[in-house]
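With the hints as extra help, turn the sequences into a complete structure.
2 protein chains.
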Amino acid sequence: MKKRLPEIIRTEKNLRKLRERLLDFHPYDIAGIIPKLKPEERHKLYASLTNKELADIFSYLEGKESVLLFHELDSTKGAAILEEMDVDDAVDLLQELDEERAGEYLELVEDERREDLRYLAGQESTAVGSLMTTNFIKIEADCDVKEAMRTLIREAGETEVIDPLYITRDDKLVGILDLKELIIARSPLKVGEIMKTNIVYSDMDEDLEIAAGKIRDYGLSALPVLDGETLVGIITIDDAMDVISDEAEYNYGSLAAVGGDIDEKVNVFVSLRKRLPWLLGLLLLSFVTASVIGGFDEIIKQATILVFFQSLILDMVGNVSTQTLGVTISGISRGELEDRRDVRTNISRELRISLINSAALALLTFAVALVFLAIRKHHALWEVSLILSVSMFFSVNISSFVGLITPIVFKKIGFDPAVASGPLITTISDIFAVFIYYGFAALLIHLSGGMA
Amino acid sequence: MKKRLPEIIRTEKNLRKLRERLLDFHPYDIAGIIPKLKPEERHKLYASLTNKELADIFSYLEGKESVLLFHELDSTKGAAILEEMDVDDAVDLLQELDEERAGEYLELVEDERREDLRYLAGQESTAVGSLMTTNFIKIEADCDVKEAMRTLIREAGETEVIDPLYITRDDKLVGILDLKELIIARSPLKVGEIMKTNIVYSDMDEDLEIAAGKIRDYGLSALPVLDGETLVGIITIDDAMDVISDEAEYNYGSLAAVGGDIDEKVNVFVSLRKRLPWLLGLLLLSFVTASVIGGFDEIIKQATILVFFQSLILDMVGNVSTQTLGVTISGISRGELEDRRDVRTNISRELRISLINSAALALLTFAVALVFLAIRKHHALWEVSLILSVSMFFSVNISSFVGLITPIVFKKIGFDPAVASGPLITTISDIFAVFIYYGFAALLIHLSGGMA
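If you read the sequences in order, they're chains V and H.
Yeah, the first sequence ends on 1440 if you go by the working numbering, and it's all consecutive.
Yeah, the second sequence ends on 1440 if you go by the working numbering, and it's all consecutive.
Be a bit skeptical, because a hint or two may be false.
As the list makes no split between identical chains, a pair holds if one copy fits it or if it spans any two.
[Unchecked claim] SDA-like mimics (lysine to any residue), calculated; alpha carbons at most 20 Å apart, straight line:
1. Lys1168 to Ser1209
2. Lys1134 to Phe1058
3. Lys1168 to Glu1135
4. Lys1134 to Ala1173
FYI, nobody ran anything at the bench for these hints, they're computed from the structure.
Take a look at the structure:
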């Protein structure tokens, strides 16, 4: 069915019939093909649908795309569509437009809505304020349920979120009322008597991710946002879902060092611009490792056997640092590493894991290296195995610590902790590890007066 | 406030007062402290709250914990709570119980509910059927809006999801009606005249992740599940959010090789059991790399300078394979690599990126290596730089391919693609890379008759 959508728009001449046929498609699917249409086909589509229907479609378009398309509309039509959009979607769109253009549209919308839009557009982009909507239903606590039902019927048409209802006293939030409870309630009850008072809420300046996490964990359909005790807006679950989904993708992309978001569908050059700088930077950092190894020139010439196992140490260092990094970043994004005590608990927990891991790895390394060297009939098999397993033990612990502490420090100094990607941490840990490995070997060889 | 919850339960003697004070807390928060209470305190809590209130609390408990607590209740109370729970939460709980016990409870619940529970519990666990609820409102398409409103009022109290309403003809789904539209509609309209017909739905056996993705992308509050054309259940947005959140965490944890889920809050030994086997397995695989390097013994002795740059090649190999792996797994979990054509497009796209990346890396490597070697006054700086940059070019391309193809092959043969963790792919790519690096060097040295 979806494949036929552009064809329908191209071939259907009668605008009224076109609308009827378009309404069989979900606005999301129509939004998906709009950018692929020719301008004249788009104008046909705009002419056939109502402003409300177009508003639904535009709310699914994102970023630059929505702006480009919006510029094709004349200002009156644009303002009419803005007026019909959910207020949070309208704000998103306005924020993408250049200021002058946004101002033009704002002039054309109704006073009350303009005020809402201005207020919401002024919120900080990482805080809940930026994602909230002001379009929900507030009811005074001492209102009778019958009267509340009348308010609902009167306002429902113009309101984005009708469930739950927010119960206030002088604009202060005092309770939440599920629509279901109102529907089954009988007069002369007051809404204050049937509302729930165990309110979960978010402060204005709370992080988006924390607020979205509350919606997920508490299983809410919307989260009220308070400024002091005053109810100023709500965050809905579908927006929270986007936040969680985007954050997960961002963290995943960062761990994989593809520069934040995963870029499956964008073109090759956009991908390159995101990934290549990472790679070039990491390459330069790797030359530091090469210099460190170069510094142990003499040792390597004396004991080339050490070279065979270098990758073994560096591989494990990369593995453990990626593990601890993953656990730490994931803890940070779930808001579990907010206070000093949590951080300390986490560090001590990870270090205990690391001690046991490294001991196990050192033992296994020792055993397998012995066998490996015995097969090759190496004369210094005990010494080499010892150097290897001791270095393994220390390198693994240090790199666990690097993976653990880097994102925490990044966060502390105001960097995005997710920037500490797996490859970055691995390369840094490598530098420590080659120091330990060849350094320890040099020490031992020096003490014993030559080995290989 | 939360810190006082256990204290309130411990000290408040009057059950009625206890209930009043408990109702100030969200069921999620009460669920959070229940496992930490003593059995006699839990019994006090159970005695003070209604079955509906307890059902809300139990629906937030998960897995083994909920079962342990449920076993403390006598069967009648347990059944009463099951009866009050949302049907999908009740199914989750029943599936955790052993069969005999589950059967006991099922005997005690109402006939109609028992049938629903049995039906839902029988669904495959990775398909939408396992997460759907049957507790929503169906209305016949030719029902008058006034009559529909009456149905709503009658059923709302017993129904989990009241918005949207599902419009059917002989159990076949023909439309979706937002509650808002019903509230503002006036008789003599029929629901069939005001419903939306652009239905987004899921088939019974569709993957949970795909269904959850639809709910997110289309911005739905619930997704109807069809068996043929018959409406058999719905998936709600809060369940979809859990699916997306869990999947993201699983993928992230897999990329970091911590064995699937991230394990922040569990104890050290559970974490170890998940992470250590990965590390030990990877260690053994690294010995393969060590053997390969060992095979180039003679070359290394002749040209120890090559050793300085080995980590450089292996680092980059790890970085690019992790990048392509991340992009590929993320594409698979978004359902973007379902058919052969998508896979082919993605492979060709990633390979083009890889060619450009590797060329850039090879050039930079050549330049920096020249400088590096010139500073060290190495006599064969051109040869070594050439070996290095040519190996870089080929190794990077091969490891991109490894990161790209492994999860696709895993998926094809029915493995979980996310099992292909960053460290695994890196270690495999390393083996190819050392072959290429020392192999190419050996070839060149052989051809030129000695170098270092």
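We went through each hint and held it up to the structure:
1. Lys1168 to Ser1209: Intra 13 Å, inter 16 Å, cutoff 20 Å: intra and inter.
2. Lys1134 to Phe1058: neither (43 Å within a copy, 40 Å between copies)
3. Lys1168 to Glu1135: both (16 Å within a copy, 17 Å between copies)
4. Lys1134 to Ala1173: Both ways: Lys1134 and Ala1173 sit 9 Å apart in one copy and 18 Å across, limit 20 Å.
Against the hints set out earlier in the document, a violation occurs for number 2 only.
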